[in-house]
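J.: Below, each chain spelled out in residue letters.
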Amino acid sequence: MWAQRTIRLRERPRRFHLVGAEVLEALPELEQVSVGILHLLIRHTSASLALSENASPEVRRDFESWFSQAVPEGAPYWTHTLEGDDDMPAHIKAALLGPSLTLPISDGGLALGTWQGIYLCEHRDRGGPRSLVATAWGE
Amino acid sequence: MWAQRTIRLRERPRRFHLVGAEVLEALPELEQVSVGILHLLIRHTSASLALSENASPEVRRDFESWFSQAVPEGAPYWTHTLEGDDDMPAHIKAALLGPSLTLPISDGGLALGTWQGIYLCEHRDRGGPRSLVATAWGE
Amino acid sequence: MWAQRTIRLRERPRRFHLVGAEVLEALPELEQVSVGILHLLIRHTSASLALSENASPEVRRDFESWFSQAVPEGAPYWTHTLEGDDDMPAHIKAALLGPSLTLPISDGGLALGTWQGIYLCEHRDRGGPRSLVATAWGE
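Protein chains in written order, with my numbering: chain L, 30 to 168; chain V, 30 to 168; chain E, 30 to 168.
Treat the hints as calculated values from the structure; they're not laboratory data.
Since the model is a prediction, treat every value here as computed from it, not as a measurement.
Just so it is clear, CB atoms sit at the ideal spot from N, CA and C, and this is done for glycine as well.
Just so you know, not all the hints are guaranteed correct.
What the hints assert, rightly or not - Quick partial rundown of chain E residues pointing at chain V, CB under 7 Å, derived from the structure:
1) 31
2) 68
3) 117
Claimed, not checked - Simulated restraints on C-beta separations:
4) E:50 <-> L:112: 16 to 26 Å
5) E:106 <-> L:106: 16 to 26 Å
6) V:114 <-> L:63: 22 to 32 Å
7) V:137 <-> L:57: 15 to 25 Å
8) E:34 <-> V:40: 24 to 34 Å
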């Protein structure tokens with residue numbers, strides 16, 4: 030069994046957002062899979078996907094704080110500055126966290142840990158809507 | 030061919046540990062696969078999996094040193110401090126390294142490079158046992 | 030459908046390089062796949078693969094700048110220094126960016142975003158040729 034579709038996530042502000050419920054709602058076919066894999070790719074180079082703590086909004090705020098000080102805007106070594114101060118740091122942050130998630134499916138649902146949630150990591154001030162390719166396969 | 034199982038790794042101290050032999054021992058079915066993929070997901074948000082140098086214990090010590098200075102405990106920007114000083118840095122480190130590995134299977138074994146080993150990256154002082162979901166598919 | 034092969038990338042200088050065209054040229058079977066996945070693993074611990082901006086050479090230069098200041102050579106905490114000043118930082122950088130890419134195939138090609146390109150991230154001064162295992166499956 031194979032399924033593939035594009036999921037459009039509405040524009041969100043620069044920050045880390047829980048989007049797992051929204052992603053799963055777009056993939057009703059997962060319920061038919063007893064064992065398989067869901068792969069998600071974000072088709073952008075200034076936003077990323079991650080799996081992290083799904084309970085506390087403070088955790089997501091602290092992600093923003095750490096990444097913004099570790100990859101600072103306005104650093105003297107940036108040469109690609111044409112598209113705004115937030116652009117080049119966004120590329121680095123996106124590469125550090127990665128553009129995709131590969132997740133096990135078990136008995137019709139994702140086999141994640143209790144505290145794991147899917148983050149959309151929006152690294153641009155105005156990134157616009159974001160597009161994912163979701164691919165699922167299994168039996 | 031599909032196989033999926035949960036692997037429990039005993040509690041280990043905060044540090045980077047080679048766990049490839051232990052993981053493979055739990056997956057005897059890989060020997061039947063001529064070409065395929067093994068996917069490992071750690072079901073936690075304060076520990077991660079990585080692939081790195083499998084020979085020198087100094088490399089794993091230096092991983093701990095770098096990550097602990099790059100994501101410092103007690104930094105002024107942390108607001109999620111309820112679960113201990115090592116908790117929020119652990120979430121960031123886990124996201125930087127990622128919760129999963131996707132590895133090619135060839136002729137009944139993992140097709141890794143000579144120097145590549147599977148790391149359990151334990152970012153908490155007392156993380157407890159860790160649970161992996163291992164999913165393998167192929168022909 | 031399964032295909033698996035080794036791809037050898039010629040030696041390149043320390044830096045971030047676009048290698049997507051070279052990788053795809055080695056995988057003519059992708060054209061037969063209507064929906065599937067391509068998995069690439071670099072079989073080394075001091076080089077990595079990433080997906081990032083495919084247009085501006087400045088972006089790739091800024092990647093080198095950021096990673097080289099974030100993971101500095103000659104830092105006092107390195108103990109694994111036997112193989113050269115660039116060795117231990119290369120292991121860290123490689124783990125941060127990751128050794129593999131998992132990419133959706135759609136209608137005979139990779140379903141990437143317009144601006145996404147495959148980077149070979151060479152973290153050693155003289156890393157030598159690099160070997161990838163490419164595995165594709167689908168229908």
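J.: It remains to establish, for every hint, whether it holds in the given structure.
T.: Results of checking the hints against the structure:
no.: 1; hint: 31; in the structure: holds (5 Å)
no.: 2; hint: 68; in the structure: holds (6 Å)
no.: 3; hint: 117; in the structure: holds (5 Å)
no.: 4; hint: E:50 <-> L:112: 16 to 26 Å; in the structure: holds (24 Å)
no.: 5; hint: E:106 <-> L:106: 16 to 26 Å; in the structure: holds (22 Å)
no.: 6; hint: V:114 <-> L:63: 22 to 32 Å; in the structure: violated (42 Å)
no.: 7; hint: V:137 <-> L:57: 15 to 25 Å; in the structure: violated (37 Å)
no.: 8; hint: E:34 <-> V:40: 24 to 34 Å; in the structure: violated (40 Å)
Hint check: violations occur at hints 6, 7 and 8; the rest are consistent with the structure.
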